[in-house]
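Trainee: Spelled out, the chains give:
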Amino acid sequence: MKLLHCIVIAIFVAITSCTIEKTDYEAELNVETTEFITFEEVTSITTDNYTISIEALNGTLYKGYNEIHLKITNTATNENLEDAHVTFLPIFTDANGNKASCPHDYHLDYDETEGYYLGYSVFTSESDSTVNWTLYVDFEDNSELYAVNHPITVKEQTNLNLNMTAFTGHDDEQYFIALVAPQSPSVAQNDLVAGIYKYNKPANPAGTFPDLSQYSYSIVEGHTLLIDPRMPEPSMGNHSSPNNEDLTQETDGLYHGVVNYTMTGNWTLNFILKNESGDIIKGTEVSTEFTPGIDGEKGELHIDILF
Amino acid sequence: MKRITLALLLLVSIVKAQNKEIKPDSLDTVLDEVLIIAAKKAKIETDMKMAVSVDEFLASNANISFIKRGAYAWEPLLNNMSTERSTVTIDGMHIFGACTDKMDPVTAYVESNNLSDIDIKSGQEGSLHGATVAGSIDLKRKSTAFGLSKTWSGAYQSGIEFNNNQLFNLGNVAYSCDKLVAEGSVSYRKAENYSDGNNDDVNHSQFEKFNTSLGFAYKTSELSSLRVDAIFDKAKDVGYPALPMDLSLSRALITSVSYKQFFENSFVKVWDTKVYFNAVEHYMDDTTRPENLVHMDMPGWSTTYGLVSKVNVKKEQFSSEIQLNAYHNLSIAEMRMYPQDRSERTMFAYSWPWVTTRYAGLSLSNSWDISKRSQLNFGGSLGINYNYSKYAEFNWIFHPGAPQEKTRFLPNLYTSYLVNVDGFNFSVGGGYGHRAPSVSEGYGYYIYNSFDRYDYIGNPDLKNEISYEANASAGFKNKKGGLQAKVNYFYIQNYIIGRILSQGSPMNYQSVGVKGYTALDYATLFNFSMDAHYAVMDNLHWKGTLTYARGLDENKNNLPFIRPLSYQTSLHYSYKKLGVLTALNGDLKQHNYSPFYGEDETPSYTNWNLSIDYSFHIKNYKTVFQIGAENLFNEYYSTYADWGNIPRMGRNIFTSLKINL
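From first to last, the protein sequence lines stand for chains A and B. Just so you know, we're using the numbering used here here: the first sequence kicks off at 1 and counts up by one. Just so you know, we're using the numbering used here here: the second sequence kicks off at 1001 and counts up by one.
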C-alpha cells in the first residue's frame, strides 16, 4: 500500500507540470509594439511673457505621423491663450543647409473642451548630426504678433505599425502616406487609419525665409487607397488575408479601412492610390500566387509593418 | 490539476485508513455477483493475434475502418464517418485529443492491458454517451471484482514484431479482497521504422509509448463502492510518415472517482456516479524534417472535466438506463512559425483559439421484452451544447461578426424492433439525431490537412448536422454456424465538409489553398456488412466478413474515406494445445473515390496472415506462446484511407508470450 501511495504521488507530481508553456497571447502582441495613449510635453518655449508647450504621445516626436497638442500660457496672468491664430511650421535643414518642410497642419485650431491647439506633423526623417529640425510657431495676442523658433528632436519610430512612405505620383506630385493606427495590431480585423498628404508645388522661387509658399502641404481629398496585405517572409509564400477593406477618407480627414492580419510577424501593406476619378496615382498590383520559398513580391507602393 | 492530485491522494489515504477486516455478509455475494457482471472478462485480442494494440483490436470490428497516418494512433472511422461524428469515451468519460491534425484519437491514450472491452454502438443507439451521428465507441476499463478466490492475479506479456523491431512488454496485476481492490498495469512499446512490401524503410514511422494505469476500489458498504482510477499515457518520438511533422511528446492523464450504489428489492438496480478529469498535451515537432522550408511549433492542449451519473432500472420485462452527462472542455492549439533568419520575429497564431465546449445532456435507453421472441429498444437524449471562443478575433477574420459564443440544442432519438424465431433473427430500426460541429469545424484556424493539402478554416455559424437513419439486420444461427447481414442508411442534413474558399491564401507552405468547413445540403451514407461462421469440424472453424459502403454528397459525388468492398476470411484449427489460424483480408479496387475531396483511386490488395499458438504451463501458470506472420506474401499496398498513400507494412513476423499469474 505504501508503495502504491508513493507511485501515485510520483506520477501526479511528474505530470502536473506542462512541458511547453502556453503562449501568453496578450504579452505576445506587445513584443514589437508599445501602445502609447497619453500625451506628454515634448518641449516648451518661452518668449516674453508666454510659454508654449508642445505635447505629443509619449512626450516624443517620431518620424511619421504625430498628433500635436499645443498650449500657450501667459505667464504674467497665468491664462491660457485662446484663438491666438497659432501657426505651426516644422523646418528641416540638411547637411548642405537646404531647407524643407513636411506635411503638417499650419493653422492650428483651438479645441475649447480640451484646452489646446490641435494639429499634426508627419516628420519625414529623423534628427541626427547632419539633419536637424526647427519649429516655427507664430501667434497673436492683443493684436501683437509673436514669432518663435525652437529646435526639436525627431526620433526613430521603432513601431513599424506607424511607418510612413513618401513618393512621387504618376502626376509628378509628391505624396506622403503615414500610418496612424492601430499602434498595436492583433491577429484580427484591425481598423487601419492612414493620413495621405501632398506637397503643394510652389509657383514662384523662394522669397525670404520662411516663405510659406515653399512649405505648403495639404491633405489629399477624396482619394482611395486600395490595400493588399501580404507576408513577405519566404516561408510564408506570399500569404495574404481575406476581408480587407480599402481605405477611404472620413470627416477627420484621415483615411480609414480594415486590414486583417492572420498571424503575428512581418507584413507588407501593398497600396494602390487612386484619385477621385479612379486614376492610379501610384502602386501596382502584386501577384496573388502562392510562392513558398520565395521572398514575397512587394508592390511599388507599400509600407512594411511588424507586430 | 493540483487540486485533483490532492483529492486523489486524500482518497488513497482514506482507502488505506479504512482497510480493516469486516465480517462478510450474505449481501456481499449479491454485490460481488453484480460487480463480476460489470467486470465482464472479455479479452482485448483478435483471433489472429493475442498481443494486439487497441487499434488492431478495433480493426477487427466490421463497423470500424481507419485513417492511418503512420504506424501509430490510427483514427477510427465508425460507419465510415470520421471521429467528429462519433463519440469516443473511456468508461463513459469524454476526452478529446489535443492535436488539430487528429494525430491523437482518444484510442491512442489507452493500452490493451488496461481495457477489458470495447463497446461499439452504431448510429443513434450510441447517443447514450452524448450527441452523435455515427455511433459511439466506449472503451471499457478493466475492473477487478471484490473478493475473488484468487487474491492476487496478473498477466505479463512480451513480444517482438520483427518488421519494425517493435518490442513490447505489458504487465498487469490486481489484488482483490472483500473490501478492497487494487490494480495496476504498465506497458511499454518501442518500434523503429517499418518497411513496406518492397522492403523499403518507411521513414518517420517509429514510435515509443508508455502507459500505466492504477485503480482502487473500496467497498463502502454492503451495497456500495467507491472507485478511483487513473491512466497515464506518454508517447515520445512518434513518426507520422504521411504528415510533414512528427510528434515529440504527447501525454495524457485520465482520472476519475466513481461511486456505485446497488439497491435490493427495488426496481432501481444500480446508481453509478462518476466525476472525472483528463488533461492531454500534444507537442508536434518538425525539427526531424530538415526538408521543411519553415520550422513550426504546434503544441496543443485539451482539458476536460465532467460528470456521468447513471441509473439502471428493471421491472419485469422492462429495463432502462438513464444517464446524465455533463462535461467542460477547453481546447487550445497554437502555431508558431520561425523565419529562416531566426533572429527575425516569429509568426504566431492560434489554430484553436481557446475554445470552450460545455455539454449537458440527459439520455435514456430502454429495452422492453414484448415476448420471448421479440424485443423493442428505444431511447434518446436531449443535450445542450455551448461553445465559447476566447480569441474570437481569429474567427472573425474569415467570418466577420460571427458570434463569440453559441448554444445549441441536440436531440437524439432511436428505436429498433427485434424478432427471434427458430434461430432466425430480424431487426429494423430508425434514428434521428443532431450533432454540434467539432472544435475544428467550428473554430479551427488554418489547420493544415496533409491529405488534400488544404488549410482548413472553421465556421462558428455552422448549423447542427442532422442525421436520419434507418437500419435493419437479418440472420440465422444454429449449432454448426451462422450468418448475419446488417445494413444501415444515413441521410445527413447539413453535412459538414471542407470546401475551397475563394478568399484567403494558404498559410502553411505545403498547402495549395484554403478550405472552409461548410455544410452540404445533405449527404447519404450506406453501410452493409455480412458475417458468417461455420464449424466444419469440432476443431476447425471458418469465419468470414464482407463489408460494403457508399457515401454520396448532394450532387451525387462520392464522399471521401468510404471503404470499398472489403473481405476478411479465416480458418482456425485447434489440436490439443496447438492452435493454427490462417486469414485472408483485403479491399477490392476503390472505384468510388472522390477526386473532389483529394482522393485518388486505390488498387485492390490482399493480405495473407498466419499464426500458430501453443499453450502450456510454467509452474502452474498458464502460458501461451504465439508466432505468426502478417502480410505473408510481402505485398506492397496502401489502402483507401492511408493518408498520402503511404505504403502499409510489408511482411511482419511476430512472436509473443503471455503468462497468466
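Since the hints were made in silico from the structure, they are not lab data. Mixed in with the good hints there might be a few duds.
Unchecked claim - Per the computed footprint, the stretches of chain A lying under chain B, defined by three or more beta-carbons under 8 angstroms from a beta-carbon of chain B, are: (1) 71 to 83; (2) 270 to 277.
Claimed, not checked - Dumping the calculated DSS-like pairs for lysine-lysine here, alpha-carbon to alpha-carbon at most 25 angstroms: (3) Lys201/A / Lys71/A; (4) Lys1658/B / Lys1140/B; (5) Lys1477/B / Lys22/A; (6) Lys22/A / Lys1234/B; (7) Lys1315/B / Lys22/A; (8) Lys1315/B / Lys1236/B; (9) Lys1236/B / Lys1372/B; (10) Lys1315/B / Lys1179/B; (11) Lys1310/B / Lys1142/B; (12) Lys155/A / Lys274/A; (13) Lys1310/B / Lys22/A; (14) Lys1269/B / Lys1179/B.
Unchecked claim - Anything over 10 angstroms on all C-beta distances counts as not near chain B; from chain A, calculated: (15) Thr51; (16) Tyr62; (17) Glu233.
In this text, a Cβ means the ideal position worked out from N, Cα and C, and glycines have one as well.
Trainee: Check the structure against each numbered hint from earlier and tell me which ones fail, lowest number first.
Mentor: 1, 2, 3, 5, 7, 8, 9, 10, 12, 13 and 17
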